[in-house]
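Asks: Please model the complete structure; the sequences and the hints are all you need to start from.
Residue strings, one per chain:
Number of protein chains: 2
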Amino acid sequence: MEKLLERAFGQDVRAIGRLISLVEAEAPASKEIMKAIYPHTGHAHVIGITGSPGAGKSTFVNRLIAQFRSEGKKVGVIAIDPSSPFTGGAILGDRLRMQDHAVEDGVFIRSMGSRGNLGGVSRGTHEGALILDACGFDVVIIETVGVGQSEVDIVKIADTVCLVLTPGMGDDVQIMKAGIMEIADTFVVNKADKEGADKVAADVQVMLKMLGQREWIPPVTLVSSYKNTGVEEVKDTINKHIAYLNESSEGKRRRYTQLEMEVEAILRGEISSIVEKSWNEKRTEELLESLALRKCDPYTLSAEILSKFTI
Amino acid sequence: MEKLLERAFGQDVRAIGRLISLVEAEAPASKEIMKAIYPHTGHAHVIGITGSPGAGKSTFVNRLIAQFRSEGKKVGVIAIDPSSPFTGGAILGDRLRMQDHAVEDGVFIRSMGSRGNLGGVSRGTHEGALILDACGFDVVIIETVGVGQSEVDIVKIADTVCLVLTPGMGDDVQIMKAGIMEIADTFVVNKADKEGADKVAADVQVMLKMLGQREWIPPVTLVSSYKNTGVEEVKDTINKHIAYLNESSEGKRRRYTQLEMEVEAILRGEISSIVEKSWNEKRTEELLESLALRKCDPYTLSAEILSKFTI
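Same order as they appear, the protein sequences are chains A and B. Per the numbering used here, the first sequence starts with residue 1, numbered consecutively. Per the numbering used here, the second sequence starts with residue 1, numbered consecutively.
The set of hints was computed from the structure by calculation and includes no laboratory data. Errors might be hidden in some of the hints.
[As the list claims (entries may be wrong)] The list that follows gives simulated cross-link-like pairs (lysine-lysine, DSS-like), each with its CA atoms no further than 25 Å apart: (1) B/Lys295 x A/Lys3; (2) B/Lys282 x A/Lys35; (3) A/Lys35 x A/Lys282; (4) A/Lys282 x B/Lys252; (5) B/Lys209 x B/Lys199; (6) B/Lys199 x A/Lys282; (7) A/Lys74 x A/Lys240; (8) A/Lys295 x B/Lys31; (9) A/Lys35 x B/Lys308; (10) A/Lys308 x B/Lys31; (11) A/Lys295 x B/Lys3; (12) A/Lys282 x B/Lys308; (13) B/Lys295 x B/Lys277; (14) A/Lys156 x B/Lys277; (15) A/Lys308 x B/Lys35; (16) A/Lys282 x B/Lys31; (17) A/Lys31 x B/Lys295; (18) A/Lys199 x A/Lys35; (19) B/Lys3 x A/Lys282; (20) A/Lys308 x B/Lys308; (21) A/Lys277 x B/Lys35; (22) B/Lys240 x A/Lys277; (23) A/Lys252 x B/Lys282; (24) B/Lys282 x A/Lys156; (25) A/Lys277 x B/Lys3; (26) A/Lys277 x B/Lys227; (27) B/Lys240 x B/Lys227; (28) B/Lys277 x A/Lys31; (29) B/Lys156 x A/Lys295; (30) A/Lys308 x B/Lys3; (31) B/Lys277 x A/Lys35; (32) B/Lys295 x A/Lys252; (33) A/Lys31 x B/Lys3; (34) A/Lys308 x B/Lys277; (35) B/Lys308 x A/Lys31; (36) B/Lys277 x A/Lys277; (37) A/Lys295 x B/Lys295; (38) B/Lys252 x A/Lys156.
Keep in mind that this is a model prediction, so the values were computed, not measured.
Replies: This is how it looks when you write it as structure tokens:
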């Protein structure tokens, strides 16, 4: 284990991948891994990239990687993949090929499942990001699937949340619905070469005004990942946002809130697995039968299972 | 408390309403209420009515109530209301007026919030249904909002799930998406006087065939709530489904699964409050600061918090 960690801290791609796999699979060692990892974290800037499927997030992320590389930064990417690694298709294939020359390029790309968490950011995603942080990546990009309410969870992990929109997808309605408008720190209108991009950008500006005055006003940038325009601007915006977070009370508040949520998530996970275990031991055909017959009730039963937890 | 329960069991509308309010607000007494309620439950038939907003669920429910009343059954209704009770608008107003002569009519209608659970069925909904069950209602109807994936949760509570569709709403796509096709026990094509109703019914039949052979084949009924046609047929279908559930192994399996999910939901709720409480005691500005500085880690911290509990 110590050797594995040492190799990972030395930027050995296979060791890093192995650590993430162990943690993703919730292996028995995962808690020890995370304890060893944690003191080395807190240096990377974590960027969450979200937006509807089809908004061109992956292509945009590839362009953004190049921008950070041009600053000499090492970039780790976690792409949350809704599909199994075996049916991932073309995009995942490209990414895996990219991974071959990872260390030399200062880029590490990893695809992770969403662990049943529809389109979502799981505990495993967060732990993967922490591992990349500890292994010396200056920037960690988390690319989400972009589906559903759980998307908003990215704010629990990311320092900077970037929402990728694109013309002609009815995104204005979508973002209003998902409540993602409030959490985005910067907006990218991708496929800016397409008709309607200006309209999307204007709509976002209007909606931002409706949210009222805030210290950090999220910039809206027109980007063509295809023509590679506007991406540098987004990188500059992200760097500005880093500086803002480091200096402002808002940044401190956000870090503290994230830490609180992190502890709570770990606690919830721990207690849940203990409770699950005792419920599984307790659950029998007879017990369900006596519940069905109302000989006992689920409230008393729960209290019994949880009696270990009464302080 | 005992008096309140006694009055509620005696079908006192205000007492029943008070019990539901206490439980909905998660009042300190709510656990005791539910423990007292539970032994009296298990007699009502719980019907979940779901379908897109605008499908005419409320009007249909009103017609269905009349059908069950004609059989001499007492009917309790829980309408999940996405809006606050203060902005509920016309429909809620009508319903509250209806509630005035509830006991005499053998009908009790209650609107409940969705507790942040987008369009959803919350723990409170379930507890409300249990209260109505215990208070002697033969039929308990839960009318959902009809939005999103969480809609599917109705199957965790309802004995019979009724999906209300209507022509011209692109429902075929919607139901395929939400995975609600698999959980509906009966289909209602409402507004059958409108053009395209036959087409919707035929589409549903085709999709049901795709699901393969099952013991209970969900009937598809054309209904006009406006003209009051087809509603008696739906009532008969529901009664047949009750009989089927009582006799079949499928019915037993379903009851057991629901009981398991119920215990798990209660456990989950309890766990959250344990986490919150134990973390709140420990959380200080200093602790967050030392986490931020990586002087300690959330994993060790969680273990410390959990060490208080005798596991």
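Asks: Could you grab the alpha-carbon distance between lysine 240 of chain B and lysine 277 of chain A and see if it respects the 25 Å cut-off?
Replies: violated (39 Å)
Asks: Given the hint that lysine 277 of chain A pairs with lysine 3 of chain B, test it: the Cα-Cα distance must not exceed 25 Å.
Replies: violated (39 Å)
Asks: Is it true that the CA of lysine 308 of chain A sits at most 25 Å from the CA of lysine 31 of chain B?
Replies: holds (18 Å)
Asks: Quickly compare the C-alpha distance for lysine 252 of chain A and lysine 282 of chain B to 25 Å and report which way the hint goes.
Replies: Holds, at about 19 Å.
Asks: Hinted pair, alpha-carbon criterion (25 Å max): lysine 31 of chain A, lysine 295 of chain B. Please report holds or violated.
Replies: OK: lysine 31 of chain A and lysine 295 of chain B at ~17 Å, within 25 Å.
Asks: If you draw a straight line from the CA of lysine 240 of chain B to the CA of lysine 227 of chain B, is it 25 Å or shorter?
Replies: This hinted pair holds, its Cα atoms lying about 24 Å apart.
Asks: Against the 25 Å threshold, does the CA-CA distance of lysine 295 of chain A and lysine 3 of chain B hold or violate the hint?
Replies: holds (23 Å)
Asks: Take a quick look at whether lysine 277 of chain B and lysine 277 of chain A sit within 25 Å of each other, Cα to Cα.
Replies: Cα-Cα ~22 Å, so holds.
Asks: Below or equal to 25 Å on CA atoms is what counts here, so check lysine 199 of chain A against lysine 35 of chain A.
Replies: violated (48 Å)
Asks: For lysine 31 of chain A and lysine 3 of chain B, compute the direct alpha-carbon distance and say whether it is at most 25 Å.
Replies: Violated. Lysine 31 of chain A to lysine 3 of chain B sits at ~51 Å, over the 25 Å cutoff.
Asks: Tell me if the straight-line CA distance from lysine 295 of chain B to lysine 277 of chain B falls inside 25 Å.
Replies: The hint holds at about 24 Å.
Asks: Within 25 Å, alpha carbon to alpha carbon, are lysine 308 of chain A and lysine 3 of chain B?
Replies: violated (33 Å)
Consistency with the previously given hints fails for numbers 3, 6, 18, 19, 22, 25, 26, 30, 33, 37 and 38, ordered from lowest to highest.
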